[in-house]
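Whole structure, please, built from the sequences with the hints as guidance.
If you count the sequence shown from 1, you need to add 77 to reach the working numbering.
Among the hints, a few may not be true.
Computed cross-link-like contacts, DSSO-like style, restricted to lysine-lysine with a CA-CA straight-line distance of at most 30 Å [as the list claims (entries may be wrong)]: (1) Lys226 / Lys156; (2) Lys206 / Lys156; (3) Lys206 / Lys226.
Hints are computed from structural coordinates only; laboratory data are not their basis.
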Amino acid sequence: MPQFAEFAASIGLSELQLLLGLIGLLLLIIVMIYNAVRLRKTEQIEDVQLEPHLDKIQEPTFHEPTDEARAPEIKPDHKIDSLIDCVVALRLPEAISGQEIQMLLVPIQNFSASQVILEGLTESDRWEKINPTETYLELQLAVQMASRKGPIGVVE
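Next comes the structure, spelled out in structure tokens:
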């Protein structure tokens, strides 16, 4: 052990400093060896996965479409959503026809660049878009507050 102490003193380190440096170097070498082994294993696994599996490849065939290939789904008209729309509820003193409502709605729809939706409560207690042949007891007017075009303006 005296030779180790003399060597440490000759390079300007204490025995503890030299010992800690050697332990650190040993740990560094172990980590490098571990990484090299892991890299080789990973490359071998990738090579096996990339090998072609010719027995699983099938020729393309033409056949009738199955249930998996469906026609695109048609989405229903936009309904009033209180999360993105500003909703104004109008309770009417008496039932009003859909034709009268549509005549009053034309200037509003022409003025506003944002989406305006009007729904009415029919006598059968069902909310629906305004239909000229129906009569309505209540109305809900909704303005979409923001869209991809941006928020609505002050004038709107």
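Quick rundown of the hints versus the structure:
1. Among the hinted pairs, Lys226 with Lys156 is consistent with the structure: their alpha-carbon atoms are about 19 Å apart, no more than 30 Å.
2. Between Lys206 and Lys156 the CA atoms are separated by roughly 9 Å; this keeps the pair inside 30 Å, and the hint holds.
3. This hinted pair checks out: Lys206 and Lys226 have alpha carbons roughly 24 Å apart, not beyond 30 Å.
In the structure shown, no violation is registered for any of the earlier numbered hints.
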